[in-house]
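One line per chain: the protein sequences are L and S, in this order.
The first sequence lines up with residues 41 to 312 when you count with my numbering.
The second sequence lines up with residues 3 to 405 when you count with my numbering.
Take these hints with a grain of salt, some might be off.
[Unchecked claim] Label pairs and their calculated CB-CB ranges:
| id | chain 1 | residue 1 | chain 2 | residue 2 | range |
| --- | --- | --- | --- | --- | --- |
| 1 | L | Gly115 | S | Glu344 | 21 to 29 Å |
| 2 | L | Phe133 | S | Lys267 | 32 to 40 Å |
| 3 | L | Pro131 | S | Val269 | 36 to 44 Å |
[As the list claims (entries may be wrong)] The list that follows gives simulated cross-link-like pairs (lysine-lysine, BS3-like), each with its CA atoms no further than 30 Å apart:
| id | chain 1 | residue 1 | chain 2 | residue 2 |
| --- | --- | --- | --- | --- |
| 4 | L | Lys111 | S | Lys206 |
| 5 | L | Lys111 | S | Lys64 |
| 6 | L | Lys125 | L | Lys154 |
Read the hints as simulated data drawn from the structure, not as lab findings.
If you're wondering where the values come from, they're calculated on a predicted model, not measured in any experiment.
Note that beta-carbon positions come from the ideal geometry of N, C-alpha and C, so glycine has one too.
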Amino acid sequence: MNTSRPLLNMWEEEEEEIKRELADATFEELQRALSDGSHLEYRKHSLNKKHHEEKKPGRANKNRPMEASSKKPVGRFREVVQAPKRVIRDPRFESLCGAFDAKQFRSKYNFLFKKYDPDIIEKERKKLDKSKDPDAISRFQNSISWMRGNLPAEREKLRKQLAKSNNPEVIGELKSHINWIEKQLKSESGQRTDAAILAEHKKKEREAAKKGKQPFYLSKSALRKQRLVEKYEDLKASGKLDAFIEKRRRKNAAKDHRYMPYRRSNNHAQPN
Amino acid sequence: MQGERDALVARILQEEQLEETGRVRRAIASRVQKLESADEFRVLVKHRQPVTAVALSEDDSKGFSASKDGTILQWDVVSGIHESYRWPSHDVLRSHGAKDPQGPATRHCKRVLTLAVSSDGRYLASGGVDRHIHLWDTRTREHIRAFQGHGGPVSCLSFRQGTSELFSGSFDRTVKIWNAEDRAYITTLFGHQNEILTIDCHRKERVLTVGRDRTMQLFKVPEESRLVFRAPAFSLECCCFVSNDEFLSGSDDGSIELWSTLRKKPVDIVKNAHALLGANKNLEPKNSGKIPNGHIENGDCGSESYRCLSAYSWVNSVTVCRSSDLAASGAGNGSVRLWAIESETKDIRPLFDLPLVGFVNSLAFAKSGQFLVAGVGKEPRLGRWGHNESAQNGVAVYSLKLS
Chain L
41 MNTSRPLLNM WEEEEEEIKR ELADATFEEL QRALSDGSHL EYRKHSLNKK HHEEKKPGRA
101 NKNRPMEASS KKPVGRFREV VQAPKRVIRD PRFESLCGAF DAKQFRSKYN FLFKKYDPDI
161 IEKERKKLDK SKDPDAISRF QNSISWMRGN LPAEREKLRK QLAKSNNPEV IGELKSHINW
221 IEKQLKSESG QRTDAAILAE HKKKEREAAK KGKQPFYLSK SALRKQRLVE KYEDLKASGK
281 LDAFIEKRRR KNAAKDHRYM PYRRSNNHAQ PN
Chain S
3 MQGERDALVA RILQEEQLEE TGRVRRAIAS RVQKLESADE FRVLVKHRQP VTAVALSEDD
63 SKGFSASKDG TILQWDVVSG IHESYRWPSH DVLRSHGAKD PQGPATRHCK RVLTLAVSSD
123 GRYLASGGVD RHIHLWDTRT REHIRAFQGH GGPVSCLSFR QGTSELFSGS FDRTVKIWNA
183 EDRAYITTLF GHQNEILTID CHRKERVLTV GRDRTMQLFK VPEESRLVFR APAFSLECCC
243 FVSNDEFLSG SDDGSIELWS TLRKKPVDIV KNAHALLGAN KNLEPKNSGK IPNGHIENGD
303 CGSESYRCLS AYSWVNSVTV CRSSDLAASG AGNGSVRLWA IESETKDIRP LFDLPLVGFV
363 NSLAFAKSGQ FLVAGVGKEP RLGRWGHNES AQNGVAVYSL KLS
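Use the sequences and the hints to build the structure in full.
The following block contains the structure:
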């Protein structure tokens with residue numbers, strides 16, 4: 041083709057020039073150029089570069105040594121300790137752990153908060169004595185195992201330890217632990233009543249919806265009011281309602297006392 | 003009759019060829035006899051400063067050694083008669099290609115860290131702290147050329163067997179390839195992330211290097227690639243080829259590892275190969291750790307801690323007798339250990355311990371397996387992490403008795 045010929049001519053001319061230059065250079069200069077490595081610049085045209093740019097296929101076996109290019113400069117940074125990267129999994133945000141269902145959770149872990157009844161153990165023991173099953177003993181153990189491990193049982197154990205120990209540090213720790221258990225139990229009972237109220241409300245609404253009414257969601261204030269109502273009912277049943285109301289009145293009065301004026305105000309007309 | 007002799011000659015030549023190329027291994031290790039009480043290393047040549055490198059010529063007649071003050075000696079193995087290599091003047095060096103030192107250094111630092119001699123015995127290459135590689139003619143003991151190009155002290159050199167190709171590794175993390183015959187620089191190989199400490203090359207164009215970045219790399223020069231072997235968490239000090247696919251290395255926790263090209267971790271490890279025994283109490287100088295005013299330095303620990311991971315346990319040099327299964331390793335704990343490399347079970351079996359006081363900075367086996375040469379010093383090769391006053395700076399030789 042016509043376009044390639046001028047290029048070829050140019051290349052040939054350059055080669056001729058380089059050859060002439062080399063012939064003129066002294067031997068010393070040639071030696072110096074060779075050992076410096078500057079002769080490599082002139083070899084770019086004729087260097088037969090093997091194309092190693094294609095990505096090498098991954099090694100056959102992961103136990104084989106890693107293969108890498110020896111032409112690319114590598115940085116100085118190196119990992120000091122070769123530790124495997126730790127993957128942190130938070131079960132709250134992990135999709136594999138599933139969604140949290142409060143009702144299911146509460147029904148499953150109910151045993152933690154149940155106060156055990158000695159009669160139940162007696163009943164189970166009687167059943168054990170009657171049956172002739174070889175596995176009966178293990179079944180009996182299983183059925184009362186929750187009574188030994190749950191929170192009220194733990195509290196009793198800690199109370200006994202508290203009575204025995206002398207060390208103030210240990211006493212402090214045990215007291216805080218018992219405190220924590222009591223807090224758990226109290227909050228759990230509160231949650232239980234709330235859940236019961238909500239469930240009742242839902243049932244009512246469902247019945248009404250069947251009849252055609254629009255279902256309503258129970259608001260927080262309504263829930264609180266219902267809670268108070270239930271509390272009053274309980275207190276009335278046990279007869280402590282008066283004491284409760286009296287205590288409440290006294291507390292509120294003490295709080296309001298600070299707003300009482302202690303000097304006469306001069307707004308009223310003085311009797312002359 | 004003629005035919006039989008020819009066949010015999012052909013067979014011998016073929017065996018030699020196979021041994022040379024590394025495909026067959028001579029079983030020397032089993033032939034080494036137990037050492038008698040009178041057998042010991044005898045000092046062949048004395049140096050003023052610790053010896054950093056020794057090299058033997060192919061025909062086992064001449065040896066070369068270099069020390070920290072820059073003296074290079076050429077000695078005869080049998081008689082011990084030595085001649086020194088004189089450093090040329092500053093101007094001659096410059097004319098041979100050396101660059102002037104820049105910055106705060108106003109003089110060339112003559113400390114030589116490594117030596118290598120070519121297979122035909124004509125060229126001796128030396129590398130040191132001045133970042134140049136000096137090429138000497140062995141017959142006239144004259145300086146031929148100085149190659150410059152490395153950015154840091156040249157810590158290791160190796161000629162490729164059968165050619166005049168020279169491989170150099172340096173503290174600037176690169177390996178450079180030179181041609182001694184043509185006095186030319188060929189190319190640079192990258193890969194290490196910290197200083198390169200030892201280099202080895204046999205007949206093939208494959209270079210084995212070991213560095214402080216805890217890796218051992220096998221550079222395949224024609225393919226422009228390298229294989230990376232990772233050591234279990236300590237810096238590797240020295241390495242050598244056992245055959246084309248097996249290597250030996252020594253690390254700075256006193257263990258020796260055997261590697262194969264098929265595994266990225268060592269195939270076999272010998273731990274505490276050069277453990278320091280507690281009886282060597284004379285190794286510590288009198289005022290260890292104290293600065294002149296009598297105050298104690300920050301890092302001074304009692305001499306008890308020096309026993310475990312001190313510089314005396316670092317395996318400074320490891321070498322293998324050419325195309326055989328006999329290996330030797332040296333450290334500063336007072337003995338050179340001989341090992342047998344089993345080819346079927348791929349493990350390292352200890353043979354004997356040869357007592358030698360001092361830091362064994364360099365080892366070299368004779369090609370025939372008749373003797374072992376060790377370069378000994380009062381201090382380790384690359385620094386002054388330990389000092390052993392009772393050692394003798396110089397070259398020691400031990401004749402192996404083969405049954």
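Structure-based check of each hint:
1. L:Gly115 to S:Glu344: 21 to 29 Å: With a Cβ separation near 39 Å, glycine 115 of chain L and glutamate 344 of chain S fall outside 21 to 29 Å, so the hint is violated.
2. L:Phe133 to S:Lys267: 32 to 40 Å: 37 Å, holds
3. L:Pro131 to S:Val269: 36 to 44 Å: 43 Å, holds
4. L:Lys111 to S:Lys206: Cα-Cα ~19 Å, so holds.
5. L:Lys111 to S:Lys64: With Cα atoms ~37 Å apart, lysine 111 of chain L and lysine 64 of chain S exceed 30 Å; violated.
6. L:Lys125 to L:Lys154: At roughly 43 Å apart (the allowed maximum being 30 Å), lysine 154 of chain L and lysine 125 of chain L break the hint.
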